[in-house]
Amino acid sequence: MDKFDTGSDRKLCIIVSKGTLDGAYPSLIMANAALAEGIETHLFFTFWGLDVITKKKMGHLPVTPVGNPSMGMPQAVAPVPGVSTMATKMMKKKIEGLDVPDVPEFIEMLHDMGAYLWACRMTVDMLDLKIEDFHESVKDVISAGDFIELSEGAQLLFT
Amino acid sequence: MTTETIAGTSVEVDEEGFLVDPSVWTEEMAVPLAAEVGLEALNEDHWTVIKFCRNDYFEKGESPTLRRVSVETGVPTKQLFELFPKKPAKKMSYVAGVPKPKGCV
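Listed in order, the protein sequences are those of chains A and B.
Position 16 (the first sequence) corresponds to 16 in this note's numbering; numbering is contiguous.
Position 101 (the second sequence) corresponds to 101 in this note's numbering; numbering is contiguous.
There may be inaccurate statements among the hints.
What the hints assert, rightly or not - Derived SDA-like pairs (lysine to any residue); straight-line CA-CA distance at most 20 Å: (1) Lys86/B x Ser70/A; (2) Lys130/A x Gly114/A; (3) Lys86/B x Ile29/A; (4) Lys94/A x Ser70/A; (5) Lys3/A x Glu15/B; (6) Lys78/B x Val141/A; (7) Lys139/A x Thr46/A; (8) Lys86/B x Val141/A; (9) Lys60/B x Val100/A; (10) Lys18/A x Gly97/A; (11) Lys94/A x Val71/B; (12) Lys3/A x Gly61/B; (13) Lys86/B x Gly23/A; (14) Lys86/B x Lys55/A; (15) Lys94/A x Thr65/B; (16) Lys102/B x Val141/A; (17) Lys100/B x Asp56/B; (18) Lys60/B x Glu96/A; (19) Lys102/B x Arg68/B; (20) Lys78/B x Gly23/A; (21) Lys100/B x Val100/A; (22) Lys55/A x Gly7/A; (23) Lys102/B x Ser70/A; (24) Lys78/B x Ser70/A; (25) Lys3/A x Thr2/B; (26) Lys94/A x Val141/A; (27) Lys86/B x Pro79/A; (28) Lys78/B x Glu37/A; (29) Lys3/A x Val105/B.
For the record, the hints were derived by calculation from the structure and aren't laboratory data.
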C-alpha cells in the first residue's frame with residue numbers, strides 16, 4: 001500500500017528555448033518539482049536553450065536588463081558595458097542565497113532524479129555542435145518529430 | 001483534521017495524513033507510517049534521513065527539501081529516490097512526522 005500513489009501516469013515535457021538565467025531557471029525548477037512528485041519528466045533543449053546543457057556555457061548563463069524593463073533599470077543605462085555582468089553576478093548570488101543550485105549542479109540533480117534530457121537536432125546542426133559538447137546527462141540529440149512522438153499523452157510546457 | 005491511532009497512540013493528522021503536531025511523533029510511529037507509504041522496512045539509511053528531517057525541522061522551523069537532505073546528509077539524490085520511491089520529499093517528511101516541505105528546490 002502507498003497512500004501517496006494516486007495511480008496517475010502523468011508525464012511532463014518541457015521545451016526549453018532560452019539560454020538566460022531568467023529563461024532557464026523556471027523550467028529547471030518546474031522539472032525538479034515534477035520529478036519530486038514521481039512524474040516522468042522530459043526536457044527538450046532547443047535554440048539558445050541548448051546553452052543550458054552545453055558544457056562550456058552552462059556555468060555562465062547571463063541575465064541582462066537590456067530589453068527587460070521588469071528589472072527596473074533605465075533602458076539607457078542597461079546596455080552600458082559591465083551592467084549585464086553585474087546583474088548576472090547579483091542574480092546568481094540571490095539564487096545561491098536561496099540554497100538553489102547553480103545550473104550545472106541543477107542539471108546533474110535533475111538527471112539523478114530521473115529526468116530525460118534531449119538536445120534539438122536542428123539547432124545542433126545549425127550551431128555545429130556535437131553530442132560531446134553537452135553535459136553527460138544529455139541522453140541524445142533528437143528531431144522535433146522524435147520529441148512529438150515521445151511526448152504523446154504528456155502535458156507540455158514551452159518556455 | 002482527524003484523529004488516527006498510530007503505534008497505539010491517538011494523534012491528530014491533516015487531510016493528507018501528516019501529523020498536525022510533529023512533537024508527538026515517536027520512533028515507534030516510523031514503521032507504521034512507513035508502511036502507509038509502501039515501505040516494508042526501514043534500514044540505517046532511512047533512519048539517517050528521518051532523523052535529519054526531524055532535527056532540521058526543529059532547528060529551522062520548516063521541513064527540509066530533497067536537495068537540502070541530500071546536501072546535508074550526504075545521501076545522494078538517486079539513493080533518496082530508492083529509499084523513498086516516487087515521491088521522496090513527501091514520504092520522508094511523512095515518516096518523520098514533520099510537515100510536507102514548502103521550499104521549491
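| query | Can you name, in rising order, the numbers of the hints this structure does not satisfy? | reply | Going through the list in order, the structure violates hints 1, 2, 6, 8, 10, 12, 13, 14, 16, 20, 22, 23, 24, 26, 27 and 29 and respects the others.
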